[in-house]
Amino acid sequence: MRELELYFGPQHLGMVGNFSITLKVEGDRIKKADANPGYLHRGFEKLMECRTWMQNFPLVCRINVVEPDHIELIYAMGVEKLSGIEVPLRGKFIRSIYCELARVGSHLFGLWAYSNMLGFDTVAQWAMYHRDLVLDLFEELTGARVYHIYLRPGGVRRDFPQGFEDKMIHTLHSIGGKVPDYNATFFENRLFEKRAKGVGTLTRENAVKWGAVGHAMRATGMQYDIRKIEPYAAYDQVEWDVPTRQDGDAYSRLLAIRDEMIESVHMIFKLIDKMPRKGDVCTKTPNPLKWKIPAGDAYVRCESSRGELGLYIVSDGGDKPYRVHFRTPSYSHGLTILEKVLVGESIADVGNIMISLYVVAPEIDR
Amino acid sequence: MKTLKKKIESSFDNIKVNIADKTMVILIDKNSIVSILSFLKNMGYQHLALISCVDLIKEKQFEIVYILSAYMENDQEFTGKETRNIIIKTRITRDKPNFMTVMDIFENAEPYEREIHELFGINFQGHPRLTPLFLELEYKTPPFRKDFDTRKFVNKFFEDIPAVD
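Residue numbers (numbering that gives the first Met the number 0), protein chains in the order written: chain A, 0 to 365; chain B, 0 to 164.
Calculated directly from the structure, the hints in this document are not laboratory data.
Check the hints yourself; a few may be wrong.
[Claimed, not checked] Keeping only pairs whose Cα atoms sit at most 30 Å apart, straight-line, the calculated DSSO-like set for lysine-lysine is:
(1) B:LYS21 x A:LYS45
(2) A:LYS227 x B:LYS59
(3) B:LYS57 x A:LYS291
(4) B:LYS57 x A:LYS45
(5) A:LYS289 x B:LYS57
(6) A:LYS166 x A:LYS283
(7) A:LYS289 x B:LYS59
(8) B:LYS88 x B:LYS29
(9) A:LYS319 x B:LYS139
(10) B:LYS88 x B:LYS59
(11) B:LYS59 x A:LYS319
(12) A:LYS45 x B:LYS4
(13) A:LYS208 x B:LYS21
(14) A:LYS319 x B:LYS15
(15) A:LYS291 x B:LYS59
(16) B:LYS88 x A:LYS80
(17) A:LYS339 x B:LYS40
(18) B:LYS15 x A:LYS208
(19) B:LYS21 x A:LYS269
(20) B:LYS59 x A:LYS45
(21) A:LYS80 x B:LYS5
(22) A:LYS208 x B:LYS40
Whenever a hint applies, use it, and build me the whole structure from the sequences.
What follows is the structure, given as structure tokens:
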């Protein structure tokens, strides 16, 4: 059979985001896949070297459009580690709650993209609607819907508004009440099972070899979660589980995402119960215009909804970072794993595999 | 972690090992980078989190940084108390930067090395695909080096574009 070269994206209907894959196909089987990023390269890491430590916050949140919160968190954590600032306890709890809310929102967005891709339009509409409810919470808390710029070195920008906890519990209950419906229409649906089972399988050995993180790793049965390994914020204050699956295919990845979402909601309830009622939410930091951070370097990491998110940050003792480098989870997922997993699959499953791996283009390009 | 430190110090020359705040920092000569990475991989540090590069223009050197961490071997006996990040640093000269690829040890090193090749102009010998990754244009000075003047480039680049009538 004749071998053809096929350009999949960035204008392709089956592609989500500004990303492209060059496929070599024979019939509808993929022989070779070349990931082709760069459509969203904005040079943030270079730009950040020309701006002061505090000015960088509006930049970093744009690195991942879907969930800016964890990128804010990791940058704040990096600056804290370099300058030795401690976060007060209430600030830590608020950070955890905020990040778990972001995880729920981001997973709902991922569910929208995935179910839309497979043609489950109803589920996609529900997921988008529920994400909007989460965004409403963010709007009340931070004043913005997508890019919140809420975290800062030393804690968070301001305390919860009055009655916010009740509102959050109410919203999360109304989302959680829909889980049986999601199960009936999507997760336990025979059509979803047929499309996703055995597709894009990643064995444990390959996942380790190719540097998989996050839910892709947890879908192969390993309880690999940075929140457990290196607890940051308030994750060591409450009890919670790391949900895993065994098969490593798209089906297990999606179920791992669902379980993680449910676990996040439970975790938020526990965090609200345990949160100190009074106290500071932020340590005082120096004047941001004159803030100089002692020379040194640090590597910090956290668990974003896509997996391990890291930041290597270097200071030369000045008022600007000397070098920042983000280790984003989509980077190895999109450029290494996707290329290898796609070989042997059919063209119809490219988007299926890509979204089940949660590849987001802006995170790769930065 | 301390036993690992002793083991590393006994098997390599010209090495400085530091443990601070949950992280082990290793400074090593550039010729031993492949051997230390495979040594650490055999010790269980199988996850290459990041390869980064810092342009130390005052010292006329590039610093290449490898960050490793461990997946867990046994899912049950896992505690958050152990140190699990290792930062390995090595330096190469700034003019005619040449280095070797570590793709034989870590397969996911490929895009990181491609990115560093493109943004810093470091040539990784043995890398099968050092093609452009992100950038559209070719630059005389690779753009992430410190002597790349962003403002000057922008002024020149956008003045050269003819105005639309």
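Against the structure, the hints:
| no. | hint | in the structure |
| --- | --- | --- |
| 1 | B:LYS21 x A:LYS45 | 28 Å, holds |
| 2 | A:LYS227 x B:LYS59 | 41 Å, violated |
| 3 | B:LYS57 x A:LYS291 | 20 Å, holds |
| 4 | B:LYS57 x A:LYS45 | 18 Å, holds |
| 5 | A:LYS289 x B:LYS57 | 24 Å, holds |
| 6 | A:LYS166 x A:LYS283 | 29 Å, holds |
| 7 | A:LYS289 x B:LYS59 | 29 Å, holds |
| 8 | B:LYS88 x B:LYS29 | 9 Å, holds |
| 9 | A:LYS319 x B:LYS139 | 26 Å, holds |
| 10 | B:LYS88 x B:LYS59 | 16 Å, holds |
| 11 | B:LYS59 x A:LYS319 | 21 Å, holds |
| 12 | A:LYS45 x B:LYS4 | 35 Å, violated |
| 13 | A:LYS208 x B:LYS21 | 24 Å, holds |
| 14 | A:LYS319 x B:LYS15 | 28 Å, holds |
| 15 | A:LYS291 x B:LYS59 | 24 Å, holds |
| 16 | B:LYS88 x A:LYS80 | 19 Å, holds |
| 17 | A:LYS339 x B:LYS40 | 22 Å, holds |
| 18 | B:LYS15 x A:LYS208 | 28 Å, holds |
| 19 | B:LYS21 x A:LYS269 | 28 Å, holds |
| 20 | B:LYS59 x A:LYS45 | 19 Å, holds |
| 21 | A:LYS80 x B:LYS5 | 27 Å, holds |
| 22 | A:LYS208 x B:LYS40 | 11 Å, holds |
Taken one by one, the earlier hints fail for this structure at numbers 2 and 12, listed in ascending order.
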